[in-house]
Structures are given as structure tokens and as C-alpha cells.
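> Hey, can you work out the whole structure from these sequences and the hints?
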Amino acid sequence: MRVILKYLFINIAIVISAVLLLSYTPFGNALVYNYIGHQLSKKADLNITVESIDLHNYPIVDIDLDIEEKAKLSLHGTLYSTWLNMQYVLTSNCISTDVCTINDDVSIKGEAIGAFDSLYITGKGKAFDGNVTYRAIKYPTKFEYVNVLMHDVNSSKLFTLLGQESIVEPLMGGKANTEINFDIMEEEYRKGTITYSIKNNNHFGFPLNMYTKINIDDVNHTFSIDINSPYLTLKIQEGEYNQENSKIEAFYTLDIKDLSQFEMLFGYKYQGEFFSKGKINYDEYLSITGITRSFNGIMDYTFEKKGLWIDLDDVSLKQVMTLFPIPSTLDADATGKMYYNFVANTFLVNAKLNNAKFLPCDLVDIFYKKTGIKLQKETFNNSILDASYHDGIIAGNLRLHNKKNHLNLKHAQINTNKNTLSIHFDMYMKREGYLGKVYGSLDEPSVNLNLSKLIKHKVENRFDKVIGKKNRENIEKMIKSIPLGKAAEDVVSDAASSFIKMLF
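Using full-length UniProt numbering, read the sequence shown as starting at 1 and increasing by one per residue.
In case anyone wonders, no lab produced these hints; they're calculated from the structure. Check the hints yourself; a few may be wrong.
The list that follows gives simulated cross-link-like pairs (lysine to aspartate or glutamate, EDC-like), each with its CA atoms no further than 20 Å apart [said to hold, decoys possible]:
no., residue 1, residue 2
1, 70, 117
2, 247, 304
3, 337, 283
4, 352, 304
5, 72, 104
Here are the in silico distance ranges between beta carbons for each label pair [as the list claims (entries may be wrong)]:
no., residue 1, residue 2, range
6, 183, 289, 32 to 42 Å
7, 238, 47, 28 to 38 Å
8, 359, 258, 38 to 48 Å
9, 355, 207, 33 to 43 Å
10, 183, 152, 39 to 49 Å
11, 285, 76, 50 to 60 Å
12, 70, 245, 28 to 38 Å
13, 220, 139, 19 to 29 Å
14, 219, 115, 23 to 33 Å
Every residue gets a Cβ at the ideal spot worked out from N, C-alpha and C, and that includes glycine.
Structure (C-alpha cells):
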């Protein structure tokens, strides 16, 4: 903003001051024009050409200047050796700064009144596709009582000119109102306030309003931001910014009514609501910490650099997994840790699960087809999940236990890109044990079953029915205590095989 004020104020003051030189020198017009143009260009760091100077009615003078071959500045009024009273008109089809040049129709009229060492400058007109008014007192080395009002200006042009379009345009774009008030503006010190507001910014496909206030005291800035829409409320308060070290601190409250409305921003259609409070820090990189209860339990999170770290405390696993583009197979009350890398699209989770239940998924269907067991009917209260996701591949281990049954999935790997899986399992359900591997296509998987546990279990059940469980256990202990040779073992093995055939 200082660059823009320089564009509007400083050149006017320099031009008026330089006219004194013309008033008291005998040069011919052409030589004088070149000399004054050179001096103005040098002082303003701009290419300024004097087109005409009329002193016939001195002390009333008329001056016409060309600035950078892009803007015209005309001055008319009374000029003396120590003070002046002049009107000016500034027109242009573009505005330039050290950052960039933008096409913009500028038409401003104003006055400069007072002594040269305390010049009061005002102006009003069109710029940035909106209305601009300003006033200030210009001293030799500073400005005081600066007031600039911008109404319905094109914020995209404004931020592009300031070199900030990529950071702020999505949220701050649209028609904006801005007010700048500075008690003092020096090269090394500034003190004042800036307010910025927009209404009905539809960048995300729905109306969004924002109000920002910045208090500036030298290199220390404090700020607050309020953003409101039908789906979002964001308040950033107690913001602090140090211009010397570029450090930022602020507290925020975020309330999103419907995450699905922000698909354009996130690149993924999340579901549900989200409410959170936390802190924003910037010190070489951005860090956002916060806490939310939006998923039934408590979730602490930290976002910085490329990743999101999450601590879960009795959080709904099903709900929190809706935040990530990863298929979910379980619902549970989860306590543990998560990590998601946005750049590598990598997800890690290690958590203890309570009230764990399977959701409808291919894995549930596979087990039902092969065993007749409906996993969705089971609830597991003593469980552990250790899993990862990267490039479409889900891998890890799952231990689900309750008082009667268990299911352990080991070395599991599901490739969602190739539609394949490979899972070792150890399951005890309906008083039967299963040990094996599921592999192949998700649509038509193959299953290898190790029947040793199932056979042992059925034999024990039949013995228990005939002689009783206690007697069977005593017989097992007695047999184990008898030393048998190889031949004897073969006899026992053959007898056992015959007995199994009889039982089954």
C-alpha cells in the first residue's frame, strides 16, 4: 500500500516543488523541460517527461506531465516560492509497481494546498475498478494523518499489484472495501490501521463475507479476521505479526456446517460437520494445532509442512476416516495416533479399538462366503489396529478380540488399484477355529484353510460329549506323560485317524 501512496502522493509534491526552479531560471523552454523532466525522473525513480508549462499568468501556472508513457498528470493553480494552492488530474490506463504492472483505468482529481514543508493533499476518483478517495499531509520526510478509502475495488488487481495474489486472492477476491488510516508514515516507522472487507465472494461456489483489521505499530502488527458463509464461520483473533522476522501467531475458531461444500478447496468431497479451536504459527513454515470433538471423542491435531499428525481419544474411527480418501472397513471407539502425508498420499494409524464392528465391505463378504460367519454381527472390545495406506495399497495387522471370539488379520495387504488382496487370518467364531489365507482377486478370492485347529476342536467336542471335558483333559495329560517310541506313535496316529473318520 505504501507503493500505491507513493504513486499518488510523492510525484505530485515533487512536481510542484520543481516548478520553483522554472520560475527563477532563464533557460529556454526545451532545455528547461528536459532538465526538469530529468530531475523529476531522478527523484521519483520514474521516467517523467514535461509536456508543457504555462507561466504567462504567474503566479497561476499550468503543468502537463507524462509518466512512464502510461499516465498523464496535469496541474493548475497558484504557485509561490513557499506555498501553493493547485488542482491536479491524474489519468492512466495502467498502474505499475516494482512487483508488476496491471491494466487499470485511473482517473483521479484532487488538490494540493499549503506550504511546501507541510503540504495537504487530497484526491478522489476511479482506480482498481472502484472508487478511491484519500487525504494526507506531506512533510519533507514523512506523511501524517493519512486516510485512504477504497469502495467496491477489484481486490484481484489490488493484490496482484502488491504481489500477493496467489496467497490471498481465493479468500479475499471479489469486490472489496478498504480503509487505511495512518497517524504517521516514515521510511523507518509507520503507525496506523488497515481494514479490509468483502461481501458475496463466490470463489467456492457460495457467498462468503470477510472482515479484516490490521493494527500497525512499526514492525509489530496485530490483526483479526472474520469469515462467514452459509457453510463456514472462521474467526482468527489475537493475531500478531513481526515484520522483521516474519513470525506469525494467532488463535482461531473454525465451524464448518457441511464439509462437502469445500470439494473445490480440498480436492475431495468430505462429509459431515467440523468444529475446532486452535493456534496458528508461522516461523519459516506454517504450523496449525487444534482440538475438536466433532467425531464423538477428542481429537488433537497438528498440521505442518507436508503432514497432519492426529491424537485420538475415544474417537469414532468411522467418522474420522471420512476425512481421508481411504476406504474404511471398521467402526470403533479409537484411541491412538494417525499421520497423513498430503504430498505422498500416505496414511498411518496405530490405535486401540473398543466396540469395534465391521462395516459392509468386500472383506466381510469374502469371510461370509467361505465360512458362513457374519462378521458384522460381532462386536470386539479388546482390539488393536496397526495399518498404513500408500499409492492405493492398504497394509497392516488387525487384532479383534472379545470374551468368546477373536479374529486376527496378519500381514494384510489390499491393493485397491489392482483389486487384489493377501491376508493371513486366525479366527475363532461360533466355537470353531479357522487358520488360513485369503488371496487373489477381491471379486473372486481364493482361500487356503489349515484344518488342524478345526479338527482338533471337533474331536475335543465329541470327546467332551462322551466322557466329559474334565475327563478328556485328564486323559490328554496322562497320554502326554507316557514316553512313546516311533512305532508306538505310529500306532496312536493310525488309531486317531480311524477315530476321526468315525466322528466325522
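> Does each hint hold? Answer for all of them.
Comparing the hints with the structure gives:
{"no.": "1", "hint": "70 x 117", "in the structure": "violated (29 Å)"}
{"no.": "2", "hint": "247 x 304", "in the structure": "holds (15 Å)"}
{"no.": "3", "hint": "337 x 283", "in the structure": "violated (25 Å)"}
{"no.": "4", "hint": "352 x 304", "in the structure": "violated (25 Å)"}
{"no.": "5", "hint": "72 x 104", "in the structure": "holds (14 Å)"}
{"no.": "6", "hint": "183 x 289: 32 to 42 Å", "in the structure": "holds (36 Å)"}
{"no.": "7", "hint": "238 x 47: 28 to 38 Å", "in the structure": "violated (46 Å)"}
{"no.": "8", "hint": "359 x 258: 38 to 48 Å", "in the structure": "violated (22 Å)"}
{"no.": "9", "hint": "355 x 207: 33 to 43 Å", "in the structure": "holds (41 Å)"}
{"no.": "10", "hint": "183 x 152: 39 to 49 Å", "in the structure": "violated (27 Å)"}
{"no.": "11", "hint": "285 x 76: 50 to 60 Å", "in the structure": "holds (54 Å)"}
{"no.": "12", "hint": "70 x 245: 28 to 38 Å", "in the structure": "holds (37 Å)"}
{"no.": "13", "hint": "220 x 139: 19 to 29 Å", "in the structure": "holds (24 Å)"}
{"no.": "14", "hint": "219 x 115: 23 to 33 Å", "in the structure": "holds (32 Å)"}
Checked against the numbered hints given earlier, this structure breaks hints 1, 3, 4, 7, 8 and 10; the rest are met.
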